[in-house]
Amino acid sequence: MKNVIEWIKNEWNSYSKNMRIALAVLFGLVALFGIFAIQILFWGLGYTDMNNNFAMGIWIIGDLGLVALGGGAFFTGFFLYILRVDKLEPLINSTVLLGFMCYLFTFILLVFDIGQPLRAWFGYSYPNWGPGLMPQSMLTEVVWCLTFYFLVLCVELIPIPLKHKIVDKIPFFHYFGHYLHKLMWIMAAVGTFLSFFHQGSLGGGMWGVLYAKPGWFRPHYFFLAIVAATAGGTSFMMLIPKIAGRIMKKEVAPKESFMTLARISGVMFVFYLIFRGYDLYSLFNTYAPLADRSYADILGGYYGWWVVIGELLLCLVPIVIFNVKKLREQEKLHFAGLVSGVAAISLSKVEAVLHGFSVPNFSWKGFTAYNPTVQEWFIFLGSLACMTLIYMAFARFFPLFPHLEKGGHGEGEATA
Amino acid sequence: MSGHVAPKKKVSDMKRLWGMAIDLDKCTGCGACQVACSQENNMPIFDDDSDLPKRVVFLDLMKVTNDNDRDAKFGDVKVAYLPKMCMQCAGNDPDDPQPPCVSVCPVVATDVGDDGVVSQIWSRCIGCRYCQASCPYEARVFNWWKPRYEGSFKEGLNPDVSIASRGTVVKCTFCSHIWKRERDRLIAKGVTDINAVQYTPACVAACPTGAMVFGDLKDPQSPVYEEKLKRDPRAVRLVHSIDALRDTNPAEYERRTKIKNYPNPKVWYLTSDQWLREKLSGFKKS
Ligand code: SF4
Ligand code: SF4
Ligand code: SF4
Numbered sequence: 003m004k005n006v007i008e009w010i011k012n013e014w015n016s017y018s019k020n021m022r023i024a025l026a027v028l029f030g031l032v033a034l035f036g037i038f039a040i041q042i043l044f045w046g047l048g049y050t051d052m053n054n055n056f057a058m059g060i061w062i063i064g065d066l067g068l069v070a071l072g073g074g075a076f077f078t079g080f081f082l083y084i085l086r087v088d089k090l091e092p093l094i095n096s097t098v099l100l101g102f103m104c105y106l107f108t109f110i111l112l113v114f115d116i117g118q119p120l121r122a123w124f125g126y127s128y129p130n131w132g133p134g135l136m137p138q139s140m141l142t143e144v145v146w147c148l149t150f151y152f153l154v155l156c157v158e159l160i161p162i163p164l165k166h167k168i169v170d171k172i173p174f175f176h177y178f179g180h181y182l183h184k185l186m187w188i189m190a191a192v193g194t195f196l197s198f199f200h201q202g203s204l205g206g207g208m209w210g211v212l213y214a215k216p217g218w219f220r221p222h223y224f225f226l227a228i229v230a231a232t233a234g235g236t237s238f239m240m241l242i243p244k245i246a247g248r249i250m251k252k253e254v255a256p257k258e259s260f261m262t263l264a265r266i267s268g269v270m271f272v273f274y275l276i277f278r279g280y281d282l283y284s285l286f287n288t289y290a291p292l293a294d295r296s297y298a299d300i301l302g303g304y305y306g307w308w309v310v311i312g313e314l315l316l317c318l319v320p321i322v323i324f325n326v327k328k329l330r331e332q333e334k335l336h337f338a339g340l341v342s343g344v345a346a347i348s349l350s351k352v353e354a355v356l357h358g359f360s361v362p363n364f365s366w367k368g369f370t371a372y373n374p375t376v377q378e379w380f381i382f383l384g385s386l387a388c389m390t391l392i393y394m395a396f397a398r399f400f401p402l403f404p405h406l407e408k409g410g411h412g413e414g415e416a417t418a
Numbered sequence: 003m004s005g006h007v008a009p010k011k012k013v014s015d016m017k018r019l020w021g022m023a024i025d026l027d028k029c030t031g032c033g034a035c036q037v038a039c040s041q042e043n044n045m046p047i048f049d050d051d052s053d054l055p056k057r058v059v060f061l062d063l064m065k066v067t068n069d070n071d072r073d074a075k076f077g078d079v080k081v082a083y084l085p086k087m088c089m090q091c092a093g094n095d096p097d098d099p100q101p102p103c104v105s106v107c108p109v110v111a112t113d114v115g116d117d118g119v120v121s122q123i124w125s126r127c128i129g130c131r132y133c134q135a136s137c138p139y140e141a142r143v144f145n146w147w148k149p150r151y152e153g154s155f156k157e158g159l160n161p162d163v164s165i166a167s168r169g170t171v172v173k174c175t176f177c178s179h180i181w182k183r184e185r186d187r188l189i190a191k192g193v194t195d196i197n198a199v200q201y202t203p204a205c206v207a208a209c210p211t212g213a214m215v216f217g218d219l220k221d222p223q224s225p226v227y228e229e230k231l232k233r234d235p236r237a238v239r240l241v242h243s244i245d246a247l248r249d250t251n252p253a254e255y256e257r258r259t260k261i262k263n264y265p266n267p268k269v270w271y272l273t274s275d276q277w278l279r280e281k282l283s284g285f286k287k288s
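For the record, the sequence lines run as chains R and L. Positions in the first sequence are counted from 1; adding 2 to them yields the working numbering. Positions in the second sequence are counted from 1; adding 2 to them yields the working numbering.
Any given hint could be a false lead.
[Stated by the list, open to error] Straight-line Cα separation of at most 30 Å, BS3-like style, residue types lysine-lysine; simulated pairs:
| hint | chain 1 | residue 1 | chain 2 | residue 2 |
| --- | --- | --- | --- | --- |
| 1 | L | LYS260 | R | LYS215 |
| 2 | R | LYS367 | L | LYS232 |
| 3 | L | LYS286 | L | LYS28 |
| 4 | R | LYS367 | L | LYS220 |
| 5 | R | LYS251 | L | LYS286 |
| 6 | L | LYS17 | R | LYS367 |
| 7 | R | LYS244 | R | LYS327 |
| 8 | L | LYS80 | R | LYS215 |
| 9 | L | LYS262 | R | LYS367 |
| 10 | L | LYS65 | R | LYS215 |
| 11 | R | LYS367 | L | LYS286 |
| 12 | L | LYS80 | L | LYS232 |
| 13 | L | LYS220 | L | LYS17 |
Quick caveat, the hints were computed from the structure, so don't treat them as lab data.
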């Protein structure tokens, strides 16, 4: 016990002042997360600003965002293991960890969001499969697909801690990790297949099938969400290591890894923008008129036009920067592209949830608004803080960035 | 992906298709239907029931005004009250009903019966509220707080309707427990034909002006015979403007119902006010 306290003390003292402030804020958020989690789980969702009209809120936005951005893991894995783009190798550990955490916290946020968390297992025991092979409910598909993909990510993640110097010395773990690694391409293939489905179903299909709601209904929304995940997810998988690198003041991965992924992301953003353009066109010309409504009217309210225009403008930034060699190689512009790309996809999720709910259902009602309560904010921010801390811990204690080890200035050794 | 499965015809002895018609020309907005429904279906009472968006009621008495709400001349301000409950949507094909809210439920807590009533099993629901998102009539309510019944309210609880837990979605089921009660009564008398069972939901029974009527949409003798309602110039269904095309442009009507599902509600409203019919049926486009 004494040793542990001593170790924590030493660890704490080894950080710079700024780092200690950041850590204190993060731990503070996690503590508040814990307090409000108890309140929500024991006393119910009455403490949120959600209501019968605005049935979902910030947590679902978080889920959609995390799954889309975490989906970058499947896409990067697909390029590395299936298409054999070896330049992505230095980024893959971080990518797998990010994917794992995004999915883990999607589950955690979902547990808060459903009114009866103790019945969450009903999703497995009474799934709404319908008469065919495919699940009838998009949420059934989300639950099953997320579960399987999460298991795949676990298998992908295990080799990283096994590579820790001490663990690696034990022959069993060494070989176990080694053989798991050999399985990786199968995992990547299975993961790509699974992720493809729940990207589509949670991000878009879930909303697109709501045929009586003209703010959402469009059959192709499923596919749009997949493209969104490939574009935004790949940017996210660069953004986080970039930030980590800035904080650690080290080059966490070779530049060409970033450039390769940036090129992929840039191309996907072009696809996304074209698809989103078609999406808006079809909403104006086909789907809203089918419900005898005008999409221009539907796009009113607090989360209408400005969100859509903001999203489109933000999309343009990575498109221009990532597709022009000269621009993407400039550190600052590259970073701006990443931030804009991630923001664009996040904004599209805000639009999907908030705007969809705010659209009036009756002609005598107006647009509604939603203003998350402290409970909602802190559970949301606390989740992000947990993720940040886990990522930091991995960066500190495990070989998250093999490039650093190669360079001979790995962080792991110092404390091992 | 879900996708639509090939229509399957259900084989069932049940020939009834329950529906309702509400005559807004007769409705005085007294709210007796809402009170009766809340009592019949064990609606909880909260300290602060002024928090309307979180309130738990199956039947919502909505206030509808024409757009001359303020500053208008006397007589130009029109107000109507609208008893609104679950519309028991059928989707395009009543023989293979696809209500907007049923296919979305991840745990089959809601289903549609062979009498067209959309059921909801409180104890199966995990409270994901996906069905609330899918319902175009805001007919589903969530128990944001633990349902409470103070003092003597407990003694008035209806033993035929189960009490919901906190965190589950509940909704109007056309008082299907009353149907079951009537069925049991008939069986006790030796009548075993389920189509002989007739019943009246609590809201309809409570209406003092007889504005609400209930019955079999397919029965020509019933007050809600659908073919008659379709031809009634006073009849309108909520936010269902596709109805207007049925007579004016049948070809377009057919085309649209082939490419998209419509809720196709089983509750009809009757009014001789043109402004109200327009308001109820859909949106004015700017
Ligand atoms: S009104 Fe809403 S809850 Fe009722 S059947 Fe239609 S979609 Fe379902
Ligand atoms: S809230 Fe309940 S009834 Fe509605 S979709 Fe979720 S589990 Fe089904
Ligand atoms: S039919 Fe029954 S449950 Fe539905 S609104 Fe009327 S009284 Fe309430």
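### Task
Below or equal to 30 Å on CA atoms is what counts here, so check LYS367 (chain R) against LYS286 (chain L).
Holds - the C-alpha atoms of LYS286 (chain L) and LYS367 (chain R) are around 12 Å apart, at most 30 Å.
### Message
Does LYS286 (chain L) sit within 30 Å of LYS251 (chain R), going by the straight-line distance between their CA atoms?
### Response
Roughly 59 Å separates the two Cα atoms, so the pair is violated.
### Message
Check whether the Cα positions of LYS80 (chain L) and LYS215 (chain R) lie no farther apart than 30 Å.
### Response
holds (28 Å)
### Query
Taken at face value, is the distance from the CA of LYS215 (chain R) to the CA of LYS260 (chain L) at most 30 Å?
Within the cut-off at roughly 17 Å; holds.
### Query
Does LYS367 (chain R) lie within 30 Å of LYS262 (chain L) when you go C-alpha to C-alpha?
It holds: about 25 Å lies between the C-alpha atoms, which stays within 30 Å.
### Query
Does the alpha-carbon distance linking LYS80 (chain L) and LYS232 (chain L) stay inside the 30 Å limit?
Satisfied, since the Cα-Cα distance of roughly 26 Å is no more than 30 Å.
### Task
Measure nothing beyond the straight line between the CA atoms of LYS220 (chain L) and LYS17 (chain L); if it is 30 Å or shorter, mark the hint as holding.
The given pair, whose Cα atoms are some 8 Å apart, holds under the 30 Å limit.
### Query
LYS244 (chain R) and LYS327 (chain R): Cα distance at most 30 Å?
Roughly 18 Å between the alpha carbons, so the hint for LYS244 (chain R) and LYS327 (chain R) holds.
### Query
Holds or violated: LYS367 (chain R) with LYS232 (chain L), Cα cutoff 30 Å?
Answer holds: LYS367 (chain R) to LYS232 (chain L) is near 26 Å, not above 30 Å.
### Message
Run the distance test for LYS367 (chain R) versus LYS220 (chain L): straight-line Cα separation, threshold 30 Å.
### Response
violated (33 Å)
### Query
Are LYS286 (chain L) and LYS28 (chain L) close enough, with their CA atoms no more than 30 Å apart?
holds (26 Å)
#### Entry: Pair hint LYS65 (chain L) and LYS215 (chain R), alpha-carbon separation not exceeding 30 Å
With Cα atoms ~22 Å apart, LYS65 (chain L) and LYS215 (chain R) stay inside 30 Å; holds.
In summary, the structure is inconsistent with hints 4, 5 and 6 from the numbered list given earlier, while agreeing with the others.
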